[in-house]
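> Start from chain A and add chain B according to the hints.
The listed protein sequences derive, respectively, from chains A and B. Position one of the first sequence corresponds to residue 1 (our numbering), numbered consecutively onward. Position one of the second sequence corresponds to residue 1 (our numbering), numbered consecutively onward.
Be aware that a few hints might be false.
[Stated by the list, open to error] Simulated crosslink set (DSSO-like; lysine-lysine; CA at most 30 Å straight-line):
no., chain 1, residue 1, chain 2, residue 2
1, A, K135, B, K104
2, A, K68, B, K167
3, B, K166, A, K127
4, A, K36, A, K70
5, A, K36, A, K68
6, B, K131, B, K162
7, A, K127, A, K70
8, B, K145, A, K134
9, A, K130, B, K167
10, B, K131, B, K167
11, A, K130, B, K162
12, A, K127, B, K104
13, B, K167, A, K134
14, B, K131, B, K104
15, A, K11, B, K166
16, A, K11, B, K104
Source of the hints: derived by calculation from the structure; they are not laboratory data.
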Amino acid sequence: MLLTLFLLFAKIGLFTFGGGYAMISIIENICVEQKKWITHDEMMDVAVIAESTPGPIAINCATYVGYKQKGIVGAIVATLGVVFPSFVVIFAISMFLDNFLEITWIASAFKGIRIAVALLIIDAALKMVKQMSKKFVSIAIMVCSFIAMLLIDYFSWNFSSISMMLIAAIFSLSLFIIQNMIGKSNEIEE
Amino acid sequence: MIYLELIVGFLKVGLFSFGGAYGAISLIRDVVLDYGWLSEDSVMNMIAVSESTPGSIMVNLATYVGSSQGGFLGALLATIAVVVPAFIIILTAMVILDSFLDNKYVQAVLFGLKPCIMGIILATGISMLTKNALLPVVQETMQLKPLIVAVILSLIYFGSRKFMKKKISPIMLIVISAIVGMVAFGI
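One chain only, chain A, in its complex shape (with noise of 0.2 Å):
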């Protein structure tokens, strides 16, 4: 049983191109649909879960099945399990990625590849602007730390985007208790 999950697992890592989205349906279609070890309704909880935790999102779900199946060392051994074929593979390019990058040809294929991943990123954060919830304390927040995080960036000041989430998680804190000490009908509450 620890086996399979291992494996499971590994085939899942070893097989998912473009991150934890990705991974996710080939999951539910592995632990619920062929080997029925979660229900869909489980799956969508730990899919939830993931969102609101930090971490990669693959190891939470390899984490939470493993440990409905065995357990403490069935959530280590699944999550081993998914680590494992990207570590082996990533390891092995990061040997050779500094010589590659002295051949022109590929020094130049990733000249453009750097401006594709900015794009990517900016996709990425585009999307999720869109679906963001439109509340006036959201947008001011998410302006703000733009603005902050793009002025870092340009004058290499001193002060990470960590100390800048927590500045955020604080002031959404307060706003709430505030607004709940003086009994206003609050912004936060969904």
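Relative to the frame of chain A, chain B by itself:
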């Protein structure tokens, strides 16, 4: 002590990377540049490789940065560090979670975090784009090629959605951009 730095750096990434892979990309770039581990260009090369290889992008980047800074042990430690917070949070969550995520204070925190992350991701993308496509025009005596490449790639990527039924996948865009790059910057 590079190993300790890697562990601390990637624990931070694992703990604060809400919003999936793209949130993590912004964070990892920030952490890596902050510690001065790699140049902006190297980070972007790694992001491209991590997007085009199987597995979670966040884990791939951790393995990659770890390996470049501390060899095999570095790769191992960075990978474990980026995974551990998610692992522990889910395990804890399974015991107390339902009540935890429904908690209105937790909701209030998430309400502030989410738009902040979106702003950070958007700024990261725009900053990367300007550094790779616009700065060469200003700095390197009117080097226009990167800007032209950026325009072509945006037309292909965003245009494909307007005029074709099917959207170009990220991996496909990376392949196309490699070809455009070779044509524009020489073989």
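> Work down the list of hints and note, for each, if the structure agrees.
Each hint tested on the structure:
1. K135(A) to K104(B): Holds, at roughly 17 Å.
2. K68(A) to K167(B): Roughly 37 Å between the alpha carbons, so the hint for K68(A) and K167(B) is violated.
3. K166(B) to K127(A): Roughly 17 Å separates the two Cα atoms, so the pair holds.
4. K36(A) to K70(A): 14 Å, holds
5. K36(A) to K68(A): Status holds; Cα separation ~12 Å.
6. K131(B) to K162(B): Distance of about 27 Å is within 30 Å: holds.
7. K127(A) to K70(A): Given that 30 Å is the threshold and the Cα spacing comes to 37 Å, the pair is violated.
8. K145(B) to K134(A): 38 Å, violated
9. K130(A) to K167(B): 18 Å, holds
10. K131(B) to K167(B): 26 Å, holds
11. K130(A) to K162(B): Holds, because 17 Å separates the two Cα atoms, which is no more than 30 Å.
12. K127(A) to K104(B): 26 Å, holds
13. K167(B) to K134(A): 26 Å, holds
14. K131(B) to K104(B): Outside the cut-off at roughly 41 Å; violated.
15. K11(A) to K166(B): The hint holds at about 27 Å.
16. K11(A) to K104(B): Since the Cα atoms of K11(A) and K104(B) sit roughly 38 Å apart, the hinted pair is violated (cutoff 30 Å).
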